[in-house]
Amino acid sequence: MSRTWLLIMVGGLVGLVPQPSLAQAAASATVRARVKPAPEPPTPPNSPVALPPVVPGAGREALEIFTLDVAGSPLMRLFVCPSDTRTADESRAACLWRVGEDASGQRSQPPPEPQQITVRWADFPQWPAFLAISGAARAGRVPPGHYVAYLTIIAEY
Amino acid sequence: MSCGLAPAGYKPAFGVTGTRRHLLAVGAAALLPIAAGGQASSTADVRATVVSSLALTRTGTTDFGYFENHAHVETISPSSPAPGQSTAQFIASGTPGAFVLVSFDATVTLCAAAVCSLGTMTFTPNVASSPSDNQAGSTANLTSGSAVQLSASGSYFFWLGGSLTVNANQKTGAYSGTFSMSISYQ
Chain P
1 MSRTWLLIMV GGLVGLVPQP SLAQAAASAT VRARVKPAPE PPTPPNSPVA LPPVVPGAGR
61 EALEIFTLDV AGSPLMRLFV CPSDTRTADE SRAACLWRVG EDASGQRSQP PPEPQQITVR
121 WADFPQWPAF LAISGAARAG RVPPGHYVAY LTIIAEY
Chain S
158 MSCGLAPAGY KPAFGVTGTR RHLLAVGAAA LLPIAAGGQA SSTADVRATV VSSLALTRTG
218 TTDFGYFENH AHVETISPSS PAPGQSTAQF IASGTPGAFV LVSFDATVTL CAAAVCSLGT
278 MTFTPNVASS PSDNQAGSTA NLTSGSAVQL SASGSYFFWL GGSLTVNANQ KTGAYSGTFS
338 MSISYQ
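So the protein sequences, as listed, match chains P and S. Take 1 as the starting number for the first sequence in the working numbering and just add one per residue. Take 158 as the starting number for the second sequence in the working numbering and just add one per residue.
Just chain P, with the same shape it has in the complex (with noise of 0.2 angstroms):
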């Protein structure tokens, strides 16, 4: 094959090779944003504190680190209960609580460090609209003092 035809042929080639057209342009541009943890709520040492909403969904849902501040309340157990069901009843079962108490129920220091605290939530279809989470005390316990509890609560159903 001469050296003509095979320019031939290349110069075809080139021209069947699809160019980008000049009558359309596109450009992108980056969308962004930054989430922060909403301002966590007062929670007055033993009084019952309104979590936010939960909104039910299936399978498994976690409300983490939702810190509960008991300053200079001597706690020694938490619950949590529906709103609708709030009650210090520990016999519903409906109430979780956990405060740090060994297997006989005595507790022998105050924790010194914040607690993280799960509540595994599954005798309930859905989440209720609200928790309440209120703090009880036995006199002579526990000293008083500055107590955090970090919450995370997990909804299994």
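Simulated from the structure, these hints should not be mistaken for laboratory data. Where a beta carbon is used, it is the ideal one built from N, C-alpha and C, also for glycine. There are no misleading hints in this set.
Stretch-level coverage of chain S by chain P, calculated; a stretch enters the list once three of its residues show a Cβ under 8 angstroms from a Cβ in chain P:
1. 211-217
2. 221-234
3. 244-258
4. 328-340
Starting from the known structure of chain P, arrange chain S on it as the hints suggest.
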């Protein structure tokens, strides 16, 4: 076949013979004037508009800034973003007075730390447009697929605002996504 170019018995010096010589003769015959018995003619207008190439450039970023993770809708006005917010600007340039079609994404998914499995939010754009570089005087709610007319200087300006759906207990952190716009001559 005789057309006067290759007389019978002619042996070309450059070695074209046989079929190849006949093809040359036919091609040459097509160049000769034809004495037709009747003639007719007609004309057709062929029109073309020469346009400048289109360009679309972007400057800046649409940034919502910081907001809290309770359920709500966060918005950026494309013509007047609030303090702490910013809007990306797109500039179209081409033939002055030409109409161009503008297309852009209906929604954009923003992902937490560029990892969508960690959390997402849906961004719905609101594009403001103006033939002049005047954001405060621009008109919001441009519809994708609509046409705009380039200015006398061959430009058109767009600003990207929009809304962001924030879920209750939305995972905290930085989110980002990519919005795309394209233009073409109508």
